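S.K.: Going down the list, the protein sequences come from chains A and B.
The first sequence begins at 0 in numbering that gives the first Met the number 0 and counts up by one.
The second sequence begins at 0 in numbering that gives the first Met the number 0 and counts up by one.
Treat the hints as calculated values from the structure; they're not laboratory data.
Treat the numbers as computed from the prediction; the structure is a model and nothing was measured.
A few of these clues could be false.
[Stated by the list, open to error] Far from chain A, some chain B residues (derived; all Cβ distances over 10 angstroms):
no. : residue
1   : Val-62
2   : Glu-67
3   : Ala-85
4   : Asp-117
5   : Gln-189
6   : Arg-228
7   : Met-256
[What the hints assert, rightly or not] Listed below are several chain B residues computed to face chain A (Cβ distance under 10 angstroms; list not exhaustive):
no. : residue
8   : Leu-29
9   : Gly-121
10  : Pro-181
[Unchecked claim] Pairs of lysine-lysine, BS3-like flavour, derived with a Cα cap of 27 angstroms:
no. : chain 1 : residue 1 : chain 2 : residue 2
11  : A       : Lys-44    : A       : Lys-179
12  : B       : Lys-253   : B       : Lys-229
13  : B       : Lys-140   : B       : Lys-44
14  : A       : Lys-44    : B       : Lys-229
15  : A       : Lys-147   : A       : Lys-179
16  : B       : Lys-140   : A       : Lys-44
Ideal Cβ positions, reconstructed from N, Cα and C, are used throughout, including at glycine.
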Amino acid sequence: MSEPFLNAKHRVLRRTVRAFCEQELRPIAAEIDQEARFPWEVMEKMGRLGYFGIQAPQELGGAGLDSLSYAVTIEEISRVSGSIGLCLSVHNSVALYPILAFGSREQHQRWVPGLAAGQKIGAFCLTEPNVGSDASAITATALPEDGKWRVNANKVFVTNGGIADICLIFARTDPSAGRKGISVVVAERGTKGFVVGDLEDLCGMRANPVSSIRLYDCLLPRENLLGRTGQGLAIGLAALDTGRIGIAAQALGIAQAALEEGVRYANQRQQFGVPIGRHQAIQMMIADMATQVDAARLLVYRAAQLKDQGEPVGKAAAQAKLFAAEAACLVTDLAVQIHGGYGYSKAYAVERYYRDARVTRIYEGTSEVHRMVIAREVLAGS
Amino acid sequence: MPIHSIVCIKSVVRTAPDGVGRRTPENSELNPFDRPALEAALRIKETLGGTVTVLSMGPPVGVEALAEAQAMGADRAVLVCDAALAGSDTLVTSRVLAAAVQRLSPYDFVFFGTRTSDSDTGQVGPQTATLLAIPFVSGVKQMEPREHAWEITRLMDDWQELWRVNVPAAVSIHPRFYAPRPIALGGIAQAHDQLDVQSWRLADLGIANDRAGLVGSPTRVAKLQKIVRKRTCRMLTGEPREQVEALVEILTAKGVMGS
C-alpha cells in the first residue's frame, strides 16, 4: 500500500527507526515501564544517532530533518515505548524547538549542540500545582536584580524533569503586566537553588522521569532570557503548536502498536473452535481500530506537512492531537478487550499501551482545550 | 594507503504474497545481506581512508536502496538502469556489474553480500569477479592490510582459511561478522536532501541491448511455485527421562543436534 504524504526519505527513515527500536528498545520496553527506569544505555546511542536533534539544523549538530520526518520518528519510537517517545517529543519540540525559534545566535551556540547530541536533556516547565489549562495564571516569578533574574518557581509534572539539564521556565518578569508580563528564562541544572523534586508515580509513561522542578531564589544570568520580556505566552503557544504534532504522533504510535497486538491475538486465540478473529464481534473491533489508526495517521501527517510548507498549523495540529489521543485510548481499550483477561495482565503488552495512551488526552493541552482551539478557529473563519 | 571500494547492492522485494515480486517503493529495501558488505567497506574507509561507491543494477526504485547506503556513509552511488535490462538473469547481471566496475576503475575491492534475500542465488559475486578476472574470496570474516598484500579470513563450516590476496580483488562478506551500523538520522537527511545518484544506461557501458535482458540471458525462470510444508505433531510418551532420550535421538537423527 502506498502511504500518502511520505517520500523516499520518510520510508527509509521509518525502516531505520523501526529497526533500531525493535533491536534496542523492544527487549527492555516492558521492564523499563515496570521498574520506572530511564534507559540511559539506549538513550546515549540515540543521542549519537541524532534522535535528540531531529529538526535542529546540521550546522548546530542536529539531523536537519523536516516535521513529517519528526512525526514518523516519534510514531515509530512510541510504537515500541510510549515513555521514550514522550521523552524525545518533549525534548525536541517544546525544549529545543523554542530555543531554535526564539533564541539568539549566542543562545543557539550555547545550548543547541549539547541538546541536539543528547548530551543535555531539555524540559518545558509551564504547569504549576494550581495552573493547568489557564497558563496565563502562572505564579512563578523572575525578577530583575543586579543584571540577573531572581527566579522563584514551583513547576510540576515536568516531563524529563528528573534528568533535565536545560529547563524552559515560564515566569512573571513583570507581575503587574498580567498576560504580557510572562517571559521564558532558561534554567540549567546545577544552578544554586535549582531543585528536582520527587519523581511522580504515574499510571503510564513510567520510564519517563516526570518530576517537579523548583527554583528557590535561583539567580540566572540576564542572557538566559529567551526571546523578549513579555513574550512568554507567545513562545509557549508556538512551542505547543509544534509539540502537538509530537504528542499526536506519539498517540498514533501507541494506537498502531495496540492494533498490531489486537490483530495478532485475534488470529491466534481460539474460542468456540476457531480463531476469535473469525467471530464478527471481534471483526467489528478490528475494523474500528484500523480505521481510527488510519484516520489519525492522515491527520498527523497532514499537520506535519502543513508545517513543512510554512502554512498555519494551529487548527490542523490541534485536530491531529485531539483525534490521535482519543483514537489511542479507544484502540488500546479495544485491544485489551480482544485479549480478554490476558489483556488486563502485565504479561501482555496491551496492558502497558492502555495505561500509556490515557495521558495523551491530558498533556500538552487536554482534549477539551483542543476542542476550544479548533472551535475558535472554525468559528472565526466562517 | 587510501582504499577505493565498490559495494554492489540490490534493491530486493520484501514480500511476494502470490509468488510474484512486484517492485514498488513500499515493497523494496536494501538487501539485508548487502548491509554487512557495506559495513566492511565503511570500516576500511574509516581506518585507511579512501572512498566507498555503491553500485546497483535494476529499475528506478533502486535509487532508494542506494540513498539508504549513502545514509549509512557511502560517498557515491551509481544505478545502472535501462528498460532493456528487464528479465536479466545472474549472468547478465554480472556482465553489467563487471562493466560498471571497469568504468569505476581504479578500485581496490569489490564487495558483495553472500546472497540476496529475494532470489538467493549467491552467483552474482563470483561471476562478476570471474568476468573481471580478479581474485574472489567468499564468506569473509576479517580483512587486514599487510605490507605487500591483504590477509583475508574466510569461514566455511567449522574451518577458517587465511588467504593472502593482492588487490584489486572481490569479496563476499559473511553476515555474522560485520554487524551493520545503525543509520544516523542526519545521514538520511543528507542523502535525500541532496540526492546524488548517477544513472547509467547500457550504452554507457558499451553493452548491446541483445546481450542483456531476457534475450541476452541463457537462463530464465520457467515456473515459480510456493512449497507448503505440512507440520506434524508427534507426542512422546513415558517417563520424562525416556521422553528426553527419545527427543535427543530424533533431533540427532534429523541432524539438529550433534552426536
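S.K.: Return the numbers of the hints above that this structure violates; sort them in rising order.
M.R.: Those not satisfied are hints 1, 2, 5, 9, 11 and 14.
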